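*Asks:* Residues per chain are reported as follows:
There are 2 protein chains.
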Amino acid sequence: MSERKAEQAAGLARHDHSACIADALDVVERTCATEGLNLTPVRRRVLEILLETHTALGAYDVLERLAAEGLGSKPPIAYRALGFLVDHGFAHRIEGRNGFVACAHPGERHEPAFLICRTCGRIGEARIETAELDRSADLSGFEVERTVLEAEGLCHRCVKVS
Amino acid sequence: MSERKAEQAAGLARHDHSACIADALDVVERTCATEGLNLTPVRRRVLEILLETHTALGAYDVLERLAAEGLGSKPPIAYRALGFLVDHGFAHRIEGRNGFVACAHPGERHEPAFLICRTCGRIGEARIETAELDRSADLSGFEVERTVLEAEGLCHRCVKVS
DNA sequence: GGGAAGGTTGTTATAACATAACAGCGCCAT
DNA sequence: ATGGCGCTGTTATGTTATAACAACCTTCCC
Numbered sequence: 001m002s003e004r005k006a007e008q009a010a011g012l013a014r015h016d017h018s019a020c021i022a023d024a025l026d027v028v029e030r031t032c033a034t035e036g037l038n039l040t041p042v043r044r045r046v047l048e049i050l051l052e053t054h055t056a057l058g059a060y061d062v063l064e065r066l067a068a069e070g071l072g073s074k075p076p077i078a079y080r081a082l083g084f085l086v087d088h089g090f091a092h093r094i095e096g097r098n099g100f101v102a103c104a105h106p107g108e109r110h111e112p113a114f115l116i117c118r119t120c121g122r123i124g125e126a127r128i129e130t131a132e133l134d135r136s137a138d139l140s141g142f143e144v145e146r147t148v149l150e151a152e153g154l155c156h157r158c159v160k161v162s
Numbered sequence: 001m002s003e004r005k006a007e008q009a010a011g012l013a014r015h016d017h018s019a020c021i022a023d024a025l026d027v028v029e030r031t032c033a034t035e036g037l038n039l040t041p042v043r044r045r046v047l048e049i050l051l052e053t054h055t056a057l058g059a060y061d062v063l064e065r066l067a068a069e070g071l072g073s074k075p076p077i078a079y080r081a082l083g084f085l086v087d088h089g090f091a092h093r094i095e096g097r098n099g100f101v102a103c104a105h106p107g108e109r110h111e112p113a114f115l116i117c118r119t120c121g122r123i124g125e126a127r128i129e130t131a132e133l134d135r136s137a138d139l140s141g142f143e144v145e146r147t148v149l150e151a152e153g154l155c156h157r158c159v160k161v162s
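Sequence lines, in order, name chains Z and F. Counting in our numbering, the first sequence runs from 1 upward without gaps. Counting in our numbering, the second sequence runs from 1 upward without gaps.
Think of the hints as simulated: they come from the structure by calculation, not from any bench. Check each hint, because a few of them may be wrong.
Where chains are identical, the list cannot tell them apart; a pair therefore holds if satisfied intra-copy or between any two copies.
Restricting the straight-line Cα-Cα distance to at most 20 Å, the calculated cross-link-like pairs of lysine to aspartate or glutamate (DMTMM-like) are [claimed, not checked]:
{"hint": "1", "residue 1": "LYS160", "residue 2": "GLU143"}
{"hint": "2", "residue 1": "LYS160", "residue 2": "GLU145"}
{"hint": "3", "residue 1": "LYS74", "residue 2": "GLU48"}
{"hint": "4", "residue 1": "LYS160", "residue 2": "ASP134"}
{"hint": "5", "residue 1": "LYS160", "residue 2": "ASP138"}
{"hint": "6", "residue 1": "LYS74", "residue 2": "GLU64"}
{"hint": "7", "residue 1": "LYS160", "residue 2": "ASP23"}
{"hint": "8", "residue 1": "LYS74", "residue 2": "ASP61"}
{"hint": "9", "residue 1": "LYS74", "residue 2": "GLU95"}
{"hint": "10", "residue 1": "LYS160", "residue 2": "ASP61"}
{"hint": "11", "residue 1": "LYS160", "residue 2": "GLU108"}
{"hint": "12", "residue 1": "LYS160", "residue 2": "GLU129"}
Small disclaimer: the values here were computed from a predicted structure and weren't measured.
Generate the whole structure from the sequences, applying the supplied hints.
*Replies:* Structure (structure tokens):
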């Protein structure tokens with residue numbers, strides 16, 4: 001059990017970010033097409049905004065962007081689009097920051113885990129197993145439905161600087 | 001590594017709750033005494049309020065209680081006392097609920113993990129290791145300082161009812 | 001004793017995050 | 001054509017959190 005290799009968290013390492021954005025958009029578009037989901041202009045634009053950066057954006061940050069583009073100016077607009085993206089696994093909520101990030105593994109079923117840099121705010125997304133917690137839950141007769149795993153610390157860049 | 005036995009999460013199982021409260025208060029008092037921490041009336045009372053229930057209380061829930069007792073009526077009073085308790089490991093913040101619980105293992109150095117029942121709100125606290133996340137972090141050159149691990153689901157009682 | 005320093009509480013004001021509730025509109029299936 | 005549904009637009013409000021400063025008290029040093 002759980003002998004799968006750990007892998008590097010997506011988002012923190014150097015990468016071709018334009019390709020990163022394009023790939024994610026492409027996957028999400030396909031997924032919506034095959035699953036009959038309605039990727040409306042607002043929803044698509046919110047996803048694009050999240051994809052621009054591997055940091056957590058607050059709903060009001062997103063809303064500001066939308067408003068500047070004439071796509072909606074009231075909080076529910078942003079919260080609803082973000083809700084859609086989160087519900088379908090295209091984005092994740094970062095509890096520790098009251099914010100949202102685009103999913104780094106869209107279209108793949110996964111329990112996300114996050115590495116959040118407290119200095120630069122960048123966020124890496126790893127796929128993680130929580131075998132030990134599950135065992136502990138079993139012992140208590142607890143049925144886990146959803147797991148939030150967020151680690152805060154310093155990313156490789158910020159470690160060097162500090 | 002990590003072959004330690006998982007153990008049942010504290011707080012969810014049947015237990016003598018008066019003893020649970022008394023023990024925790026006792027440990028916190030001793031710890032404050034030996035570490036020169038100032039467990040003022042407000043701080044102590046907030047801890048007692050948290051200890052009454054194994055559910056997450058919001059800062060404003062706590063504040064309401066304090067106000068009723070003449071111990072303070074403005075948000076900073078509650079947030080400051082909660083901050084003190086969290087800073088010294090006598091309480092934990094539950095990110096997924098914007099709330100706080102008394103620590104179930106005060107005085108022991110530990111990374112907490114929580115089992116949160118979405119129906120009754122009760123919270124179990126387990127000690128957990130996050131070896132796989134740590135490996136993933138290492139691969140990214142990320143230095144983890146703090147980990148939030150919260151599992152939401154159904155506790156043993158609520159599983160039966162549903 | 002006088003007075004500076006540090007820590008805690010008291011208070012005002014406001015910032016930041018989130019949702020309830022309802023109105024209107026377009027699509028499309030019966 | 002019309003009724004249902006999903007999405008957007010809007011008002012209003014609810015909830016969570018903190019900045020900034022004033023007042024007070026203890027401690028410690030001169």
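*Asks:* Hint by hint, say whether it matches the structure.
*Replies:* Here is how each hint holds up against the structure:
With identical chains, the CA atoms of LYS160 and GLU143 are at most 20 Å apart between copies only, with a shortest distance of 11 Å across copies and 41 Å within one. Only between protomers do LYS160 and GLU145 lie at most 20 Å apart by alpha-carbon distance; the minimum there is 15 Å, versus 38 Å within a single protomer. In this homomeric assembly, LYS74 and GLU48 come within 20 Å of each other (Cα to Cα) only inside a single copy, at 19 Å, whereas the closest approach across copies is 41 Å. Proximity of LYS160 and ASP134 under a CA criterion of 20 Å is satisfied inter-copy only: 19 Å between copies versus 35 Å inside one chain copy.
Taking the shortest Cα distances, LYS160 and ASP138 sit within 20 Å of each other only across copies (14 Å), while inside one copy they are farther apart (41 Å). In this assembly of identical chains, LYS74 and GLU64 lie within 20 Å of each other by CA distance solely inside one copy; the values are 9 Å within and 31 Å between copies. Proximity of LYS160 and ASP23 under a CA criterion of 20 Å is satisfied in neither setting, with 30 Å inside one chain copy and 44 Å between copies. Taking identical chains as interchangeable, the C-alpha atoms of LYS74 and ASP61 lie at most 20 Å apart only when both belong to the same chain, with a minimum of 12 Å there against 29 Å between chains.
Taking the shortest Cα distances, LYS74 and GLU95 never come within 20 Å of each other, neither inside one copy (22 Å) nor across copies (25 Å). In this assembly of identical chains, LYS160 and ASP61 lie within 20 Å of each other by CA distance neither inside one copy nor across copies; the values are 29 Å within and 42 Å between. Taking CA atoms no more than 20 Å apart as the test, LYS160 paired with GLU108 passes in neither setting, with 33 Å inside one copy and 32 Å between copies. Taking the shortest Cα distances, LYS160 and GLU129 never come within 20 Å of each other, neither inside one copy (29 Å) nor across copies (26 Å).
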